[in-house]
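Novice: Following the hints, put chain D in place on chain L, whose structure we already have.
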Amino acid sequence: MTFASLSYIRTTFFLPVPAIIAFVFFAAIATGTETTTVEFEEGLSLLTQNDFDQKERGIDKIDISADPMKKKEIFTALLSDQLFYIKKDKTLVFVEEDESVYRITSVLSGIELTALKKRKLTKISLNNTLRQKINSILARQNLSHQDPQVRLAAANKLLEEPNPSIVSLLASRLTDEKDAKVKKTLSLALGLGQLKDDAPDKRLNALTNLKGSLNPSVRNALVKFIHEEQDETIKKKAEQVLRDIDSMVSFFGFAETLFFGLSMGSVLVLAAIGLAITFGVIGVINMAHGELIMIGAYTTYVIQQLMPESIGLSLFLAIPAAFIVSGLTGIVIERSVIRFLYGRPLETLLATYGLSLVLQQAVRSIFSPLNRTVITPDWMSGSLAINSIFSITINRLSIVIFCGVVFAALFLIMKKTSIGLQVRAVSQNRAMARAMGVRASRVDALTFGLGSGIAGIAGVALSQLTNVGPNLGQAYIIDSFMVVVFGGVGNLWGTMLGGLSLGIANKFIEPWAGAVLAKIIILVFIILFIQRRPQGLFPQKGRVA
Amino acid sequence: MVSILMNNKRASIIFLACLGFATVLVPILNLLVGPDNAFHIPTYTMSMLGKYLTYALLAVAVDLVWGYLGILSLGHGAFFALGGYAMGMYLMRQIGDRGVYGNPILPDFMVFLNWQELPWFWHGFQWFWFAILMAVLVPTLLSIFFGWFAFRSRVTGVYLSIITQALTFSLLLAFFRNEMGFGGNNGLTDFKDILGFSLQSDYTRASLFIASGIALAFGYLCCQYIVNSKLGRVCTAIRDSESRVQFIGYRIENFKLWVFAFSAALAGIAGALYVPQVGIINPSEFSPLNSIEIVVWVAVGGRATIYGPVIGALLVNYAKSFLTAAMPESWLFVLGAIFIVVTLFLPHGITGLLKSKKESQ
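Protein chains in written order, with the numbering used here: chain L, 1 to 545; chain D, 546 to 906.
In isolation and in its complexed conformation, chain L is listed as follows (with noise of 0.2 Å):
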């Protein structure tokens, strides 16, 4: 636009404003509710000028007389430029592009009009100084609004865009705080602001304010204050505080890597500890170990689409169904194949090979090769947010604990229930269990049993992480036996510790080595450990090891 046209308008349309606003003043005596009316009127024909002063004047008309709402909706379609006039008459619309088709509303009454042209529409533009200003009365009457949550958000809006204009008003919004985490990131805002400020102790007051805060917004604000900051004492106090930002912030990641190599590691002990009673304590290789898990989580599918309104219940209905399933598929396996090869372990290891074929190819005709999702419960996701850079995920924390519980259990009934302790007698000596009248046919059986039903449980655990396919076993199988072996076979406590331990391990390498990397340092690692130490970590005690 040229200059002169530019006057041209300020001539035509500017003049009568002064008498206007007089006009309005004298009118807000008289009828309350009439000026402001009027005044909202006026703001928003100032808004279709092209000088920015006029605008601004325009806000604040709209600031004093708009109803909460209207405001807020004009400011935001403001900001969002979306707010246009129409070139013939003036009037000020809202467009919302819907596909190829502009469907335009009038601010003033909020009927929908026939849709027009673009060409026909003029943006209202703004400058960065307008926007900010817009910016700060959105955010002060956020910021004052009753609930607490919105209040929060335009709190944390702040800190993500600081705006030195409201410094001033967010010191007097935190006297009347009430609620404790608005409270805080309005104090982390605030600190934000004057940082900016030119006096010394107020930035060093500013500085105590951030202290500990792990936002990262306030750590980006701190490298740029030290780089930009004169006065020696306070850019060295600013640089202490960005120190300990620093050290809290490794120290969560460090403790997110282990809670990640925690749930990881769960997993995997969930995944073994059925092994490790059919490897460990009756010696017996079970490669179809991992299609007993993927019956389990089968099982938890078919529980799900029997009862569809009620998933959670149906999960923990699942539980014990799982172990019923995969535990009998145990003991018919055990009872029809694997009672003829006790003694011969590479043919053992065959025969349960064929049998997981066979149980992988009998999934894949029933309920066909696709991946089956089963739904997780409501209450197990989402995560529990320690603080802005560390929170845990429920599902995982859910994975954790349940491991803890399935272990425990397990370790109370080989160690306090009599079917325990016949099966640690079998495996010890089986001739004198024999001999004192332990039926060891039958606890074979059982046990076998009782390592499958669990690998079953962890079935329907591993139904919460993964998708449920006829694969799902076969992905496990070698991680469980590699867990088994290295935490010294025929020990509960070593499967646990050492499939935590892998499970952290992994997540350790995995940010600089990746995935599938990790997983590969792990396996190489775990077959030069077994060489060098084949008993596994806590090996057996006897004559054996």
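Rather than coming from a laboratory, the hints here were simulated on the basis of the structure. These numbers come from a predicted model, not from an experiment. Glycine residues also receive a C-beta, built at the ideal position from the N, C-alpha and C atoms. Check before you lean on any hint, since a few could be wrong.
If you want a taste of the chain L side facing chain D, the calculated C-beta under 7 Å gives, among others [unchecked claim]:
id : residue
1  : I285
2  : E347
3  : G354
4  : L357
5  : K519
6  : Q531
7  : P534
Specialist: Just chain D, lined up with the frame of chain L:
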């Protein structure tokens, strides 16, 4: 010659005669007999038979360590695949600028990944002799490295089986990575020619078939020689009573190591012959299932007979080709059933069944 075959002389002569006959007859029926003749063998069938012969050689390699040394290797597929990759790399380099991207040096997948130059381990594979050398050397060195650790620390039985499986599994994961420089998921394929002869031509195919037959005969004779030598007798003794042999004063780890390494080399040769006949090598060859299938060929044919695994490999693979085409759903059921039936009822495989029939007569 006769002394090599002395133990089961009659079976060996029958086996070698059959193999020699087939190696000559199949190419003749393919090349010289017209396509409308009833005895004509299509090129596709000939390549498939050639593939079976390489499988048979692989089975012989596994039988040498499992049947005679008692080492159940669940990782021989890895040695086979490594040999195959060595050959695949040579065939890739032979493509030259006929690839989709027309780069004279870099294979297509490297151009696709935006690599600027050939990784160091791809150098030398433009020469056929180098590729063959690597197809033998790489599996051998890997097996020596692996065996040196495993046999010295006396890892035996199922432990050894499981770590061989972990070995092939970790190689599977590694070769899936694009960064490894072996074509990642897709592996190596689109081969054009070998030693200047087009891989599509019937004559090249026939030559590869004959080469596979000769390699199998060579592998058979070598294994027979080892088995019937003093070394072989020590091996059998180790299989049957490891600690006793050790207490007599033999260094069992050395015996195991060298026989294991030789077996890996045979597997590598089999892989190198396999790739040009099927035209592709990809990481799935490393999958643990493949390795364990080899063990089943041996178990079906009969352990500790060298010719038994050949029969097993041919039978099981024929059944696989037939069933996966006719009833794809049933193949895993059948394979699983073979595993179970053989271990429960046929501990000596088909040859053992025939032998016991003969003895009872």
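Novice: For each hint, tell me whether it holds in the structure or not.
Specialist: Do the hints match the structure? See the list:
This hint holds: I285 (chain L) has a C-beta 5 Å from the nearest C-beta of chain D, less than the 7 Å allowed. Interface restraint check: E347 (chain L) against chain D, minimum CB-CB distance 4 Å, threshold 7 Å, status holds. The criterion of a C-beta within 7 Å of any C-beta in chain D is met by G354 (chain L), whose closest approach is roughly 2 Å, and the hint holds. Taking 7 Å as the C-beta contact cut-off toward chain D, the hint placing L357 (chain L) at the interface holds, the least distance being around 4 Å.
Hint status for K519 (chain L) relative to chain D: holds, with the closest Cβ pair at about 6 Å, below 7 Å. A cut of 7 Å between beta carbons decides the hint on Q531 (chain L): the least distance to chain D is about 4 Å, and the hint holds. A cut of 7 Å between beta carbons decides the hint on P534 (chain L): the least distance to chain D is about 5 Å, and the hint holds.
Figure legend: structure checked against the earlier numbered hints; every hint is met.
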